[in-house]
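**Q** Chain by chain, the residues:
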Amino acid sequence: MTEVPVPYQVVRRSQETTDTTTLVVEPVARALPPFRPGQFAMIYAFGVGEIPVSVSGILDHRHRLAHTVRAVGAVSAAVCAAAEGQELGLRGPFGTGWELERAAGGDVLVVAGGIGLAPLRPLIRAALAGAGRYRRLNLLAGARTPDDLLYADELRCLADAAPAHVAVTVDRPGHGWLGSVGMVTQLLNRADFAPGETTAFVCGPEAMIRATARDLRHRGVPADRIRVSLERNMRCATGHCGHCQLGPLLLCRDGPVAGYDRVAPLLAVREL
Amino acid sequence: MIKTTTSLLGTLDPQSRDRLLTTAKEVSFGAGDRIFSEGQRADRFWIIRTGSIVLDLHVPGRRSATIETLGSGDLVGWSWLFPPYQWHLGAEAQSPVRALEFDATVIRALCEADPVLGRAVARRVAEIIGHRLVSARTRLLDLYGPYGSGPGS
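Chains as they are written, first to last, in the UniProt record's numbering: chain A, 1 to 272; chain B, 1 to 153.
Since the hints were made in silico from the structure, they are not lab data. Fair warning: there could be bad hints in the mix.
[As the list claims (entries may be wrong)] Residues from chain A that face chain B, not an exhaustive set, calculated with beta carbons under 10 Å:
no. : residue
1   : 114
2   : 142
3   : 178
4   : 182
5   : 205
6   : 222
7   : 223
[Claimed, not checked] Each pair of labels, with its calculated beta carbon distance range:
no. : chain 1 : residue 1 : chain 2 : residue 2 : range
8   : A       : 192       : B       : 28        : 34 to 42 Å
9   : A       : 242       : B       : 141       : 23 to 31 Å
10  : A       : 4         : B       : 126       : 53 to 61 Å
Nothing here was measured: the structure is a model prediction, and the numbers come from that model. Glycine included, C-beta positions come from ideal geometry on N, C-alpha and C.
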């Protein structure tokens, strides 16, 4: 972990959707310590500002990292616009990880909503790499429209080739969409998992996380086996400034990933 | 395979479930088959065994809007339980579908004659409606939009 941004260079960029870009970056000189799935970096667009972005890919080659960023503000737009060869400053790794090892011997259930698929991507890759340590892998993803679905080609390959159940649903289908329409929780009906022996990993808008976690609890998944990734206004990322406070938690340090048993009471408080 | 934990039949006691099942018949639909249309008399309902069904809403002058899809184990139709017994939405098979079909008049008569069964069926259908209502309301927030559920305070 570092408190001073380390220069990284954009080596590849992919336009995922109209407003979302994946950047692959590698260190210009010194690399940051290794990231774990679920952790995040503070990405500094020089002269513009700094934002927290979860890692969406951890590559062995040249300590490369992938970050998927949606342009919703001045800083995220500047990061998204970074051209190949351009330098960005990175701090990290920060926060807790998904802790996939908790699922060993049981079923892995990944539930993603919108851009929430990005932090889950390294977890999915790790689960596939560790096939045999886990029983069934279910990946359920929700998106606004078919065009807003991240990593569509990867999901198709995963559905075709890997021993995983992949299901996608959208809120607003376009003409020709032959897939599911509705909330991502509906896909739980068609997933194949043993609730008592499942570890769920959930990321997306907070209302979607709450709805999914409640549904999973109703089906019998233990609260401490529902791992959720929460987003707050992270600034320092070192647990000092308090911007990301959620009750007794500082999410940059105690999150972003936490057990639902710990955060469920906090999410129910209107002003916290 | 029907995952009974969340289906209409799954939460009924075995006796009630068997009573319903004795009235059911297996049916199938081809992809694109219209199962019912808005405003028609709701005289049947289905539980999907395999395949998927699209619920849609007629929009004059435009293609019908897809509201939701239903899959294996899901209940198709609840308007048969409440007067005036008319469909609020339309339904079309999205893929080849195998389903159990129930005659609404027969099931309503069974429920009238056996209040325990009637209460169990009504309660389960209400739960399914409630779940779909929550889903629909959550989708109204447009959570995955650029600014989630809208601008902050």
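**Q** Run every hint past the structure and note whether it holds.
**A** A quick look at each hint next to the structure:
Among the interface hints, the one on residue 114 of chain A holds; its C-beta lies about 4 Å from the nearest C-beta in chain B, closer than the 10 Å criterion. The interface hint given for residue 142 of chain A is met, as the beta carbon of that residue sits about 7 Å from the closest beta carbon of chain B, less than 10 Å. Checking residue 178 of chain A against chain B: minimum C-beta separation of about 7 Å stays under 10 Å; hint holds. Evaluation of the residue 182 of chain A hint against chain B yields a held restraint, the C-beta minimum of about 5 Å falling below 10 Å.
Given hint, residue 205 of chain A at the interface with chain B, holds; its Cβ is 4 Å from that chain's nearest Cβ, closer than 10 Å. Given hint, residue 222 of chain A at the interface with chain B, is violated; its Cβ is 16 Å from that chain's nearest Cβ, farther than 10 Å. The closest approach between the C-beta of residue 223 of chain A and any C-beta of chain B is roughly 18 Å, which is over the 10 Å cut-off, so the hint fails. At about 23 Å, the CB distance of residue 192 of chain A to residue 28 of chain B disagrees with the hint of 34 to 42 Å.
The beta-carbon spacing between residue 242 of chain A and residue 141 of chain B, approximately 28 Å, falls within the hinted interval of 23 to 31 Å. For residue 4 of chain A paired with residue 126 of chain B, a C-beta distance near 59 Å keeps the hint of 53 to 61 Å intact.
The structure fails hints 6, 7, 8 (numbered hints given earlier, in ascending order).
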